[in-house]
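J.: If you read the protein sequences in the order shown, they are chains D, G, U and W.
Positions 237 to 446 (my numbering) are the ones given, in order, by the first sequence.
Positions 237 to 446 (my numbering) are the ones given, in order, by the second sequence.
Positions 237 to 446 (my numbering) are the ones given, in order, by the third sequence.
Positions 237 to 446 (my numbering) are the ones given, in order, by the fourth sequence.
None of these hints come from the bench; they were simulated from the model.
For every residue, glycine included, the Cβ atom is placed at its ideal position computed from N, Cα and C.
Result set (SDA-like, lysine to any residue): computed pairs, CA atoms no more than 20 Å apart in a straight line:
no.	chain 1	residue 1	chain 2	residue 2
1	W	LYS291	D	GLY292
2	G	LYS291	U	GLU299
3	G	LYS393	G	ALA332
4	U	LYS301	U	TYR356
5	U	LYS301	W	VAL277
6	G	LYS393	D	ALA439
7	G	LYS291	U	HIS296
8	U	LYS301	U	THR353
9	U	LYS373	W	TRP417
10	U	LYS373	U	ASP303
11	U	LYS301	U	PHE355
Now the stretches of chain D that chain G is said to cover, found in silico as 3 or more residues with beta-carbon under 8 Å:
no.	region
12	266-280
13	354-366
14	397-411
15	429-435
Protein chains: 4
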Amino acid sequence: MPRATTRGRPRSPTGGYAPEQTRQALIDSALELFGSRGYAVTSVQEITEAAGVTKGAFYHHFESKEDLLALIHDQFLDLQLAMLREALLRDEDPAARLRELLRALLATTARYQANVTVFYLERRHLTGERFEAMRRKRDEFDRLFLQVIERGIDEGKFRGDLDARIAGLGILGMCAWVHQWYRPGGRYTAEEIADIFSEMALAGLLAERS
Amino acid sequence: MPRATTRGRPRSPTGGYAPEQTRQALIDSALELFGSRGYAVTSVQEITEAAGVTKGAFYHHFESKEDLLALIHDQFLDLQLAMLREALLRDEDPAARLRELLRALLATTARYQANVTVFYLERRHLTGERFEAMRRKRDEFDRLFLQVIERGIDEGKFRGDLDARIAGLGILGMCAWVHQWYRPGGRYTAEEIADIFSEMALAGLLAERS
Amino acid sequence: MPRATTRGRPRSPTGGYAPEQTRQALIDSALELFGSRGYAVTSVQEITEAAGVTKGAFYHHFESKEDLLALIHDQFLDLQLAMLREALLRDEDPAARLRELLRALLATTARYQANVTVFYLERRHLTGERFEAMRRKRDEFDRLFLQVIERGIDEGKFRGDLDARIAGLGILGMCAWVHQWYRPGGRYTAEEIADIFSEMALAGLLAERS
Amino acid sequence: MPRATTRGRPRSPTGGYAPEQTRQALIDSALELFGSRGYAVTSVQEITEAAGVTKGAFYHHFESKEDLLALIHDQFLDLQLAMLREALLRDEDPAARLRELLRALLATTARYQANVTVFYLERRHLTGERFEAMRRKRDEFDRLFLQVIERGIDEGKFRGDLDARIAGLGILGMCAWVHQWYRPGGRYTAEEIADIFSEMALAGLLAERS
DNA sequence: AATGAATGAGTATTCATTCAT
DNA sequence: AATGAATGAATACTCATTCAT
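Produce the complete structure using the sequences and hints provided.
T.: This is the structure:
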């Protein structure tokens, strides 16, 4: 989700229109504003002002404010799912897989902070089919994530006496919560946090405990 | 456009006004609406309609909509802090203390679901001094929570090589996230979830590991 | 439908509010504007400016612009129906009854010109249940009007070989069309026009023709 | 927001553009929409979508939305005038002439229903010179129509004691109103309705009455 | 001949809040 | 303690029209 570089310049160097830049500038501005102040209190006016285009241009590119919110969710969830699927493909043992997964997850959290915030705090403002579409993708994400635990149990590497779903949701919560307190440039990098969390989670999960 | 007004709530049995009931009805309605739909998209009109009173009554009891949001936060955080302080008072060993804490935390989550949701999703809409007041209480909560870990390390019961803050925030995240998926009447009670989480957390924290 | 006398004075002489005057001023202004320029091109802004109140006051009294249009239709149709029913009550012979009816109809047209214009030109802008409610009243009006012809035929006073419905709709058309060209203060009064129409209609309807 | 564009209409079989077809498709779409929903609430967007072309094409063919409304009026009034002039040319006696006229008038009403509706309900939305041009043609139509009555009186065939203008406007109203209730495929054809109306009108007009 | 990106003024409606009673 | 009329500013969205290509 690269930040806009062309604030307010919807015209291409050749003098003609640059619709793709206009569109991206609007997405970038909206993402930042939704993330920092919230979807409901961000006006279309503010978005277009931040993007340097007129309100008309907004509605040329998007059906509605909610439409743009849905787009932002969709792009983000596609990214998350791609990342998750990639981590699952590598043929490693369950512990290594989990470690990779948390690293990827927290790397995303660190890199796409606004997206993560919008996803956690603003998804409730999607309605109807837009909400359902988001929910389906999110459920797919959860399902794939929990599979990592389940497979570890099936392979006899993780303890079978802990409910996989509860344990998985606990680990997911650890990671999700990071966006509330993580600040780039802080004492630990996202990777280091992921490794601490992995260690904690695996201590609880690994079967070879006394 | 006359509104349907008295669902009868605010009048006392004796026929006079019942200010405390009116006030509480407003708080209850607001809490439910803020929790289910969000603070920003809930109008004072909706709150008063749900409470069965007029808009005038609202402004008789509260300075503004944000004032009511602040009140809701304040009451909830006071409750959380009291619960946390009580759990810390009992002179137990760190592991037992953590277990008690998680039980209390998740009991609150289950019992005050709307409050928890409002706290996590809507606190950003507090401004100025109201935001600061909330932040101070929340920081105090985090501080006390992390102390449990720190004291466990100081007493030599918890591993000293894991950063207490990161580990604590991880555990906090596990618990905070519960409000996203917990449904009363589900397979596990809040207490059972707390115990699973405790076991996982303690496995990661307890020093006596190989 | 008396015209507003208090343009722009929503406050009563005693200094308090005068909601009924505000409401009536809005209805009057809307009626005039809908009649002269059309419902669709009349903005709520224009209505409130003409009435001397703010937009907020408009929405305090009416749900929507269409709601006000519906109200105007309703009041007018109630008036028309009352007039029609009264004319039907008098126990006269069919010819006299028809004459009375046309007089009453054209008197209304002359007196409530804006209402008539709005009814004929703007009723299509009612939607859903509001349209159906208008349609029901209008159908009732047509039904009662056509009954006058049918009863004349049944009583053997009007020719039985002309289709009552077509003849009645023809007479109705004569009268309805008047609003297109009638100007108060013109050569003929509404009553005189009604009498000319009656004579023409009765010539066509009366059975005692060679 | 790319619109669904080419429903294929505007391209000629040879693959090039077919401007006359585009133009006609726009006129047809506009006529139908203006007739069914009204000029003011029909957007250029809707017209072009219904015609399967883009907005640019619209403004290539017409100066403005009002320009197209004027064109529709102009074409319709030319048609009506031609029809009226033809009916007047035939050297018949006044009664036969009136009968022919009503037949022609109602045949038009039945055949060009949308045009008739637009003419009666939407002409008020023409402004300035466009309105004047429409008014001139309409006045010419009325003048010619009333002449039929006047000539009947002059020739001593119609009663001289009824005001020719009022009687004529009555008859015109009968016919104009037909568009409000006529449905093709109903019990009577337009011609039959015309004959009933002629009979009624002539009964009132013919001098040889007792 | 036709496109589609963009504008800018306008629309209906909502809303937190005030205040005289 | 509570009402309800009223405000005024803001909101999402629409629309006729322009213009470079």
